[in-house]
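Asks: Modelling step: build the complete structure from the supplied sequences, incorporating the hints.
Going by our numbering, the sequence shown runs without a break in its numbering and finishes at 328.
I should point out that these hints are in silico values taken from the structure, not numbers from a laboratory.
Just to be clear, a hint being listed does not mean it is correct.
List time: in silico PhoX-like cross-link candidates among lysine-lysine, alpha-carbon distance up to 25 Å [said to hold, decoys possible]:
hint	residue 1	residue 2
1	Lys272	Lys219
2	Lys132	Lys51
3	Lys178	Lys168
4	Lys326	Lys293
5	Lys41	Lys134
6	Lys147	Lys157
7	Lys134	Lys86
8	Lys168	Lys234
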Amino acid sequence: MKKILSILVLTILLSACVGNDKFILKESIGKLNKVMVVAKISDWTGDVGKEVRNSFGELMVGLPQPEPILDISQVAPGGFSTMMKASRNILIISESDNEGFSIKNNVYAQPQTIVYVQAKDDQSIIKLLQKHKNEIKSVFLEADIKFTQSIFEKDKQDNTHYKTLQKLGISLTIPTKFNTVDDTGEFLWLRNHLTSGIAKTGSNNILVYSIPLGDETKVADNIVAVRDSIGEKYIPGTDAETQHMITEEAYTPFTFDATIDGKKAYETRGKWEVKNDFMAGPFLNYTIIDKKNNRLIIFEGFTYAPSVNKRAFIFELEAIAKSMKIQ
Numbered sequence: 002m003k004k005i006l007s008i009l010v011l012t013i014l015l016s017a018c019v020g021n022d023k024f025i026l027k028e029s030i031g032k033l034n035k036v037m038v039v040a041k042i043s044d045w046t047g048d049v050g051k052e053v054r055n056s057f058g059e060l061m062v063g064l065p066q067p068e069p070i071l072d073i074s075q076v077a078p079g080g081f082s083t084m085m086k087a088s089r090n091i092l093i094i095s096e097s098d099n100e101g102f103s104i105k106n107n108v109y110a111q112p113q114t115i116v117y118v119q120a121k122d123d124q125s126i127i128k129l130l131q132k133h134k135n136e137i138k139s140v141f142l143e144a145d146i147k148f149t150q151s152i153f154e155k156d157k158q159d160n161t162h163y164k165t166l167q168k169l170g171i172s173l174t175i176p177t178k179f180n181t182v183d184d185t186g187e188f189l190w191l192r193n194h195l196t197s198g199i200a201k202t203g204s205n206n207i208l209v210y211s212i213p214l215g216d217e218t219k220v221a222d223n224i225v226a227v228r229d230s231i232g233e234k235y236i237p238g239t240d241a242e243t244q245h246m247i248t249e250e251a252y253t254p255f256t257f258d259a260t261i262d263g264k265k266a267y268e269t270r271g272k273w274e275v276k277n278d279f280m281a282g283p284f285l286n287y288t289i290i291d292k293k294n295n296r297l298i299i300f301e302g303f304t305y306a307p308s309v310n311k312r313a314f315i316f317e318l319e320a321i322a323k324s325m326k327i328q
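Replies: This is the structure in structure tokens:
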């Protein structure tokens, strides 16, 4: 009997320790779109480091200035301190006879994503990195999207305030810093005036509207024409008679397959400009096929922030777009 009681007490204590360990995980740190790479200096300065920098150094399309999709920094295993272990996004590269690729969450802090890549030599590590590079980038980007959405969730607007969202039957997690420019019931335009640094004359903008579905096979081909018609109708320049937003004629947008709220969508990244004016910047467009309601729902974000990098602003708009729920 005493033995049984001892086992029960030990089980309870172990369960409590596990629970407490999870409970006391510290809050993770680090900038959005940044990954800390834990690797030996010899690896980092050699072919392994070159492969990591090539994979992560891919530029984000649609931006006026060259900006990588993800920033990276490196630390040697011996310098991977307690503070550094609290980083939100970590890639750990090591040599081992047991080759492996794995992803773990909330190991040292939360929220946290750690990707482990290990193999017996440099060439084997490089092959693993090449095989999983798209997955690695997606894992870190998706984690940062969720983290950004969790921040916005704490300070979000009440969607019932917007006639257009109510009429379209959709919801979005929109931070309170966005103010209404236009809300007709058919078209919503929200704007966040940037208030810090050199970008304080600029703004981040959200557009939401819907059009009939039509021929589904031509949706991707018509995205630019649709956004240009909306720009002419709703987004004037300083001179409303001669100026309005258009897709920049000198830059061809990039369109990719996407999924929003479980529905097929197209993601388009490119540059906008104001016809007969010098205003310009990047845009991010999601055109969602809503077959149930025989329509296309369009979310577009665009940024005006002269002379500064714009990746962070576009990423914020991406997080808002991907919070969409459709009735």
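Asks: Indicate, hint by hint, whether the structure satisfies it.
Replies: Okay, the hints, checked on the actual structure:
no.	hint	result
1	Lys272 with Lys219	holds (21 Å)
2	Lys132 with Lys51	holds (15 Å)
3	Lys178 with Lys168	holds (23 Å)
4	Lys326 with Lys293	holds (14 Å)
5	Lys41 with Lys134	holds (19 Å)
6	Lys147 with Lys157	holds (15 Å)
7	Lys134 with Lys86	holds (22 Å)
8	Lys168 with Lys234	holds (20 Å)
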